[in-house]
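Those sequence lines, one after another, are chains A and B.
Be aware that the first sequence starts at 1, since it is given in UniProt numbering, and climbs by one per residue.
Be aware that the second sequence starts at 1, since it is given in UniProt numbering, and climbs by one per residue.
Simulated from the structure, these hints should not be mistaken for lab results.
All C-beta atoms, glycine included, are put in the ideal place defined by N, C-alpha and C.
Do not take every clue at face value.
Covered stretches of chain B (in silico footprint by chain A; criterion: 3 or more residues with CB under 8 Å from a CB of chain A, positions within the stretch not fixed) [claimed, not checked]:
| no. | stretch |
| --- | --- |
| 1 | 106-116 |
| 2 | 188-198 |
| 3 | 457-467 |
| 4 | 519-529 |
| 5 | 545-555 |
Reference listing, derived: stretches of chain A covered by chain B, where coverage requires no fewer than 3 residues with Cβ under 8 Å from a Cβ of chain B [what the hints assert, rightly or not]:
| no. | stretch |
| --- | --- |
| 6 | 159-169 |
| 7 | 206-213 |
| 8 | 594-602 |
The chain contents come next:
2 protein chains.
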Amino acid sequence: MKLSSSIGLATALLLSAASAQTYQRLGTCPTLGCVFPPDQADFLAGQFFDIRLEVHAPVNGSEANGLLPDENFTFSIAKKGKKETLAAKYFNVAEPKLERWNFTWYEDLFARDAKTPSLVNVTAKAYRRVALFEAGEYTATLTYNNGSKTVANWLVRDLETVRKTKNVVLFIGDGMTTNMITAARLIGHKTINGKYQSKMQMDKFPVLGHQMTHSIDSFITDSANSATALYTGHKSTVNCLGVYADSSKDPFDDPKVETIAEMFHRLTGGAVGIVSTAFIADATPAALTAHTRDRSQYGAVIDSFLYGITNYTWTNWTGPDVLFGGGAEQFYSPALGGKTYQNKDWYEEFQKNGYEVHWNKTSLATAKSTDKALGIFTVSNMAKWLDRNVYTTNLNQSLSPSGDKTAALDQPGLKEMTLKAVDILHKRSGNKGFFLMSEAASIDKMMHVLDYDRALGELLELDDTIKATIAKLKDLDVLKDTLVLVTADHGHGFDVMGSVDTTYLAAQNVDRKKRDAVGTYQNSGLSQYQNTGNLTYTDSNFPSNWSPRYTLFQGLMADPDRRENWSVRKDGPRLPATPVDDTKKEYVANPNDGAGGIKLDGTLPVGDDQGVHSLTDVPVFAMGPCQELFGGVYSSIDIFFGMAECLGLARGNKSGY
Amino acid sequence: MKLSSSIGLATALLLSAASAQTYQRLGTCPTLGCVFPPDQADFLAGQFFDIRLEVHAPVNGSEANGLLPDENFTFSIAKKGKKETLAAKYFNVAEPKLERWNFTWYEDLFARDAKTPSLVNVTAKAYRRVALFEAGEYTATLTYNNGSKTVANWLVRDLETVRKTKNVVLFIGDGMTTNMITAARLIGHKTINGKYQSKMQMDKFPVLGHQMTHSIDSFITDSANSATALYTGHKSTVNCLGVYADSSKDPFDDPKVETIAEMFHRLTGGAVGIVSTAFIADATPAALTAHTRDRSQYGAVIDSFLYGITNYTWTNWTGPDVLFGGGAEQFYSPALGGKTYQNKDWYEEFQKNGYEVHWNKTSLATAKSTDKALGIFTVSNMAKWLDRNVYTTNLNQSLSPSGDKTAALDQPGLKEMTLKAVDILHKRSGNKGFFLMSEAASIDKMMHVLDYDRALGELLELDDTIKATIAKLKDLDVLKDTLVLVTADHGHGFDVMGSVDTTYLAAQNVDRKKRDAVGTYQNSGLSQYQNTGNLTYTDSNFPSNWSPRYTLFQGLMADPDRRENWSVRKDGPRLPATPVDDTKKEYVANPNDGAGGIKLDGTLPVGDDQGVHSLTDVPVFAMGPCQELFGGVYSSIDIFFGMAECLGLARGNKSGY
């Protein structure tokens with residue numbers, strides 16, 4: 001998913017560079033002494049991580065105390081019941097050098113309006129690539145300012161170390177909530193007298209859970225820090241990939257935590273696959289290998305996919321076996337307009353490292369299962385299911401992955417990419433097993449632009465992909481050896497309240513009268529997406545009519561200004577709001593969106609042009625070895641610990657490190 | 001829950017009397033021959049039900065065919081693989097007499113505006129109180145109009161008949177969704193660095209499921225037909241309690257289905273308890289014993305609680321052992337202003353039948369566990385947790401259950417009522433076991449009026465009640481013998497998207513600038529409901545501050561016109577919209593609600609003054625015997641079949657009938 005484009009790259013960088021959190025100096029550090037990983041952190045035994053310590057000296061603002069930043073702070077570790085030891089000795093590493101910087105932040109919106117930031121001077125240190133092996137409780141204590149203490153309680157979880165699954169397939173429906181699954185079921189599956197005549201594949205999973213997505217320092221999360229929680233077992237800050245956010249300006253020096261992909265690769269030599277319908281440097285795929293506080297460092301993300309982290313000593317990484325998605329602009333040569341890391345042609349770079357490169361569905365179908373594969377099928381995000389299958393003229397854009405400005409007409413869907421990924425991973429991993437992450441990214445992207453129809457199409461494609469993947473795993477006789485998980489990283493506040501008679505709505509001239517087109521309760525009637533129309537798809541559950549007279553009365557709780565006509569956008573994804581002038585600081589309803597609909601004021605700040613994420617717990621569907629670990633309600637980080645335990649990745653001692 | 005009050009009683013009666021469904025002649029009957037129970041119905045072996053047959057002869061409109069309604073239709077039953085038998089013979093009952101009526105409906109909103117209803121003449125019959133005993137598939141065939149056939153496929157589920165649980169406690173959070181649970185957790189429980197320091201009781205349940213609430217003839221449901229699905233295993237139409245909706249004018253002649261309370265009482269002699277924070281004749285409690293197409297027949301509902309169904313031969317019923325809730329106006333004498341069934345004093349009526357009557361918390365505490373108990377604690381719905389515990393001056397209203405117009409100051413909460421109910425049911429049921437339904441009704445009622453704070457307070461009270469009930473069952477040493485279920489009957493499209501700086505919002509003069517008070521993503525910050533304030537509640541998780549500076553940016557997807565300030569209403573529940581004139585046909589934002597907030601146009605029809613239900617699957621939490629039946633995703637009716645199977649209520653033959 002993407003943060004509101006109205007924030008823009010420049011602002012995002014400013015935010016992260018200065019850690020200028022409105023309301024919070026540094027969310028994970030309520031006192032003036034900061035320890036990362038902070039209090040309450042959980043660890044997998046043997047998981048690499050960095051430690052960052054900071055001492056803050058506020059110069060002005062409500063916390064100013066006249067002190068200079070402490071240069072003599074100390075940091076020690078103690079396992080419960082054992083003696084406290086200075087960290088350098090505990091980890092047997094050299095004492096790190098002292099670092100210094102400063103940053104500013106706004107205490108509240110009044111301070112922002114008055115342009116009166118608070119300045120903080122900082123002293124800091126970082127211990128790199130350490131690990132805890134023995135399960136149990138630890139205290140990590142920072143002592144600063146002549147005796148002030150910040151104590152972080154850490155827990156190395158006591159997990160079984162016997163590997164129980166050969167493979168893990170993790171499906172992520174980005175932004176997918178239970179509410180959306182319910183709506184997708186309603187348009188994709190037929191009911192008779194309230195009984196569904198077919199089931200979603202997700203509905204057939206034996207174990208259901210809910211995960212709490214609360215971020216480390218805010219209750220709403222984005223895809224970057226939620227992916228970090230799912231892949232590392234460590235919650236983090238919005239925009240963070242595989243790191244805790246410190247307050248320094250450098251987006252690459254933040255304290256890292258090792259990911260499930262990195263650990264699985266390092267400890268088992270198994271194969272890793274990364275598949276997404278987003279541009280492949282986007283947060284959810286990126287978080288498997290990238291470590292940066294700033295998710296918009298797309299070039300560095302591509303570099304990390306292939307070479308891992310090279311600016312610090314870190315875990316050994318030799319690239320995924322499969323990398324499929326969009327985002328060609330981070331691959332093709334700058335000579336063709338590419339925006340690539342170190343100005344390289346990254347197609348060549350991957351080829352040099354033994355990857356077959358694919359640019360379209362036809363080529364993908366011929367991919368050898370024995371070779372590593374890079375598949376990049378379009379500039380930017382991949383085409384949506386609805387545009388690939390129903391409104392196909394929308395594919396006529398200059399988005400060829402080659403960079404030659406022709407159209408990317410022959411794009412695979414999530415299903416084709418995922419099935420090919422399974423083939424390659426199965427073949428290449430042999431007895432070592434594989435880890436595959438497959439993301440339906442545009443559920444989120446289309447919810448952001450209030451394009452409910454396209455979002456639900458993406459969700460149905462995800463479900464169809466899960467169904468086909470399970471069939472494929474069965475064919476390969478590895479279904480019983482594969483933990484299959486389906487979950488999301490956060491929600492959008494979406495639901496369906498009834499139906500809209502679009503014919504009646506269009507026939508009214510006044511907005512207040514148009515609202516009478518809405519039917520609630522009994523007058524919601526039955527879904528017309530299955531009972532009318534003539535679209536058919538082989539062996540799949542998708543609507544037979546995307547524009548019936550009676551559509552869904554659906555929407556989000558929080559919106560920008562927009563116009564709603566509750567009808568499918570046949571000419572491509574919605575653009576609900578447009579800027580009032582070139583400064584792009586204020587948005588109003590797009591006059592070219594939602595034709596004939598009701599004009600509505602949003603509740604979001606007028607600088608927002610799209611919807612935002614929501615708080616709701618998101619569902620987890622589990623099937624296969626260890627499925628019982630994923631029932632009930634738990635934290636997002638428990639997904640990591642469940643997968644790691646099932647793969648037997650915990651290491652109680654240093655042997656083999 | 002309550003349908004929009006703007007529809008009102010008169011309209012509701014008109015709707016149900018005429019079965020005038022906009023868009024649908026009769027949703028469960030797409031052809032002109034109607035069978036109830038309709039196609040796809042599932043049955044518990046031995047469950048009583050009525051059969052209604054109708055033949056429709058449309059006089060005008062799109063379906064008019066010039067035919068008179070058939071008087072000679074026939075109806076037969078065939079078990080799969082066996083021969084078809086006329087129903088009267090199959091059930092060994094007399095052939096019912098032919099009935100006739102007519103009704104009108106509107107084909108769409110244009111017809112409604114033009115006042116051009118379609119008229120339908122009807123011939124009909126009803127077979128009363130029959131049952132199917134043998135598990136398996138059946139076809140029920142109506143033959144009419146010289147050979148047209150309507151075939152209903154029925155299934156008598158093949159369930160285990162060994163009783164596995166002594167008791168069932170079914171908690172219903174009316175209108176409660178996963179999104180609301182997430183929000184309640186955020187304000188009621190403290191986090192440190194993204195880790196909750198305490199858990200909701202619901203979060204501790206071992207098994208999680210989702211139930212699909214889709215109604216029989218519309219995809220949005222109300223509390224009446226959803227309670228019917230949960231209690232009978234039969235989906236039905238909005239407003240229906242324990243019946244399928246036929247097209248006749250009489251709201252009491254619709255075909256009935258036996259409820260879990262009725263079957264449990266009839267077959268085991270066990271004790272039944274009904275507890276709700278609503279007026280006790282409201283849909284969710286009512287559906288345990290009432291059988292009417294019109295949920296607003298409150299007087300008849302009270303009669304059914306005590307005497308069961310008496311206008312037709314039906315299952316034997318001698319009243320619940322416990323009946324606790326609000327709604328005194330259906331009990332006290334019409335001389336005091338009561339609106340009672342047959343003008344009786346129903347307190348006296350219950351006392352005559354051996355019930356102790358309680359009017360307040362103090363009296364309830366002294367209730368003998370050996371006696372049947374009626375507890376009615378207020379006129380209308382019970383006071384909300386927030387008003388009973390924080391803003392207590394709001395209790396000063398003329399709502400005494402005695403009818404003497406004093407205030408109902410000493411009201412128990414859901415917890416006190418439920419714990420006392422368990423005491424009585426446990427004592428009175430002996431070895432026979434008990435069935436208790438306990439409803440947190442005002443989660444829904446407060447969501448309807450957009451009073452998110454009160455709704456979340458009710459949800460936290462439900463969770464606190466569940467926690468205390470489990471402790472009580474443990475104390476009584478029957479926890480292991482009790483299936484505890486927590487679920488909902490439908491949703492509201494609610495979520496939380498961030499925080500609102502209410503100080504900043506109040507300081508702005510322009511609505512578009514007020515929107516800047518909203519903080520999303522990282523700027524949502526942390527919940528201030530636990531980190532500030534000084535309210536404390538013994539051994540419970542509720543906010544310590546209900547009006548922090550930074551409140552939740554929360555709301556519904558579909559609203560009436562309203563003004564939002566995202567602040568707790570300290571002077572009692574919200575009233576978001578008010579009528580523009582005495583006709584009450586159009587509502588606008590209430591100028592006295594949401595002081596200083598943002599004025600927002602709704603998306604609901606302007607005749608609506610409150611929010612509406614939503615589509616989303618709702619959660620099911622299960623603990624105890626048979627908990628494994630409630631994992632994964634399934635239909636709302638599966639809750640009934642799961643409870644019935646666990647109680648061993650299926651009867652494969654007629655012995656004992």
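Consistency of the hints with the structure:
1. Three residues within the 8 Å Cβ limit are the bar, and the stretch 106-116 of chain B against chain A gives 3, so the coverage statement holds.
2. Only when three residues or more bring their CB closer than 8 Å to a CB of chain A does the claim for the stretch 188-198 of chain B stand; here the count is 6, and the claim holds.
3. Under a criterion of three residues with beta carbons nearer than 8 Å to beta carbons of chain A, the stated coverage of the stretch 457-467 of chain B fails, only 0 such residues being counted.
4. Closer than 8 Å: that is the beta-carbon criterion, and the stretch 519-529 of chain B has 9 residues meeting it against chain A, so the requirement of 3 holds.
5. Here's how the stretch 545-555 of chain B fares: 4 of its residues keep a CB closer than 8 Å to some CB of chain A, so the rule of at least three is met and the hint holds.
6. As drawn, the stretch 159-169 of chain A meets chain B at 0 residues by the rule of a beta-carbon pair under 8 Å; below three, the given contact is violated.
7. Taking a C-beta to C-beta cut-off of 8 Å, the stretch 206-213 of chain A contributes 6 residues in contact with chain B, enough for the three needed, and the coverage statement holds.
8. For a cut-off of 8 Å, the count of residues in the stretch 594-602 of chain A with a CB near a CB of chain B stands at 4, and the three-residue condition holds.
In the structure shown, a violation is registered for the earlier hints numbered 3 and 6, in ascending order.
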